[in-house]
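Note that the protein sequences, when read in sequence, are chains P and S. Going by our numbering, 39 is the number at position 39 of the first sequence; the sequence numbering is gapless. Going by our numbering, 104 is the number at position 104 of the second sequence; the sequence numbering is gapless.
Any given hint could turn out to be false.
Said to hold, decoys possible - Cut-off 25 Å, straight-line C-alpha distance, at most; resulting in silico cross-link-like pairs (SDA-like, lysine to any residue):
no., chain 1, residue 1, chain 2, residue 2
1, S, 47, S, 163
2, P, 104, S, 178
3, P, 104, S, 47
Said to hold, decoys possible - On the chain P side, residues computed to face chain S include the following (Cβ under 7 Å):
no., residue
4, 14
5, 16
6, 18
7, 35
8, 65
As the list claims (entries may be wrong) - Coverage of chain P stretches by chain S, computed from C-beta distances (three or more under 8 Å per stretch; other residues unrestricted):
no., segment
9, 20–29
10, 36–44
11, 73–84
Please keep in mind that the hints were generated in silico from the structure rather than gathered at the bench. The model shown is predicted, which means the values in this text are computed figures rather than measured ones. No residue lacks a Cβ here, since even glycine has one placed at the ideal position from N, Cα and C.
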Amino acid sequence: MAEGVHTSMLAFESPLLLAVMALASAAVWLLFWQRSRTPYMLLLALGWAWLCLYWSLLAVSAGPAPLLSRADLAMPVCALGIAAAVALLAGKALLLRRMWRNGKAHSAA
Amino acid sequence: MKILIIAPDLVGVDAITEVRRIQQWHDTVNLYGTVTADDIYRACEEKAFDVLHFATHGGPDGVRLSGGVLLDAEDIAQFLRLRETRGVFFSSCETGRLASYAVRHGATWAISSEVDLPDADAWKLAAAYYSHQRNGNARDFVGAYTLADGGDGDYALHVAPTYIQELQRAAAIAATIPHAATLTRQEAAVWGAGLLGSTVALLLLILKLAGVL
Numbered sequence: 001m002a003e004g005v006h007t008s009m010l011a012f013e014s015p016l017l018l019a020v021m022a023l024a025s026a027a028v029w030l031l032f033w034q035r036s037r038t039p040y041m042l043l044l045a046l047g048w049a050w051l052c053l054y055w056s057l058l059a060v061s062a063g064p065a066p067l068l069s070r071a072d073l074a075m076p077v078c079a080l081g082i083a084a085a086v087a088l089l090a091g092k093a094l095l096l097r098r099m100w101r102n103g104k105a106h107s108a109a
Numbered sequence: 001m002k003i004l005i006i007a008p009d010l011v012g013v014d015a016i017t018e019v020r021r022i023q024q025w026h027d028t029v030n031l032y033g034t035v036t037a038d039d040i041y042r043a044c045e046e047k048a049f050d051v052l053h054f055a056t057h058g059g060p061d062g063v064r065l066s067g068g069v070l071l072d073a074e075d076i077a078q079f080l081r082l083r084e085t086r087g088v089f090f091s092s093c094e095t096g097r098l099a100s101y102a103v104r105h106g107a108t109w110a111i112s113s114e115v116d117l118p119d120a121d122a123w124k125l126a127a128a129y130y131s132h133q134r135n136g137n138a139r140d141f142v143g144a145y146t147l148a149d150g151g152d153g154d155y156a157l158h159v160a161p162t163y164i165q166e167l168q169r170a171a172a173i174a175a176t177i178p179h180a181a182t183l184t185r186q187e188a189a190v191w192g193a194g195l196l197g198s199t200v201a202l203l204l205l206i207l208k209l210a211g212v213l
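Generate coordinates for the entire structure from the input sequences, incorporating the hints supplied.
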């Protein structure tokens, strides 16, 4: 097997662990959302779920004998990365907006 | 806790036991003997108290000071607002109306008697209440009242509606804080099993597609 960018040391293990971590994060945010039904929590859960997919695809294409090559996955991976970034940014923006409103309500009291 | 005890010299009022008990546990200023409204005003002006404690005769229209002078609900509310006194304890008969007025006009809480109190027993609730409020529990007026009151309907705890609103607002904010939520054993088991299953499935899928398996 040729030693390339995608098959170097830990090129497979690193995105694999990141995918598992992102899955756990998505699950935790989903649990929070299920409790309070606060929109930003759902967005963060979605963002982490997409990141999980993103790193899963990177791991798949970095394996010793991948069924899907990196070239085949390039477009979906890029699209997932952008979607995850947008969802996480929007989630954090909504979280900050919520904090801002709480602060205003508290000051008015 | 800083308490201003108002115990004027009136026939039928024996506040000695009550005052002694409160003095044991708290930092008190006692107005006894001849007590006028001006004495109370000056005491409230000089020092910020946590509680005004009235050990005297009372009724729906007010409490009695020396010479039978009536101190009405608005006078009491003014004393409370002077230095933001949080609580008022009426160890006096039929003071529900006064307490209700006090919590709408400055006080956070007020304790009143809803019946004619026998003078010999009037000190008991006060003693129990203040004993629960010592040792750093001064802010837990609900806890102290719950422990002290027998629930026979003789006394009532009045709480300011604005205070309740503040609590409700704080609770609503707390509900949006992720770590403020609780997780039961059953929920932890369900979510844990779900996460474990998903992780295993994801790993197997990745390993298969990557050609490891």
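Results for each hint:
1. 47/S with 163/S: Holds, at roughly 24 Å.
2. 104/P with 178/S: Status holds; Cα separation ~20 Å.
3. 104/P with 47/S: 33 Å, violated
4. 14: At about 12 Å, which exceeds the 7 Å cut-off, the nearest Cβ of chain S leaves the hint on residue 14/P violated.
5. 16: Nearest chain S Cβ about 6 Å off; hint holds.
6. 18: Check failed: Cβ of residue 18/P comes no nearer than 11 Å to chain S, outside 7 Å.
7. 35: 5 Å, holds
8. 65: Check passed: Cβ of residue 65/P comes within 3 Å of chain S, closer than 7 Å.
9. 20–29: holds (count 4)
10. 36–44: The restraint on the segment 36–44 of chain P holds, since 3 of its residues have a Cβ under 8 Å from chain S and three suffice.
11. 73–84: With 0 residues close enough to chain S, the hint is violated.
Hints 3, 4, 6, 11 from the list above are not met by this structure, while the remaining hints are.
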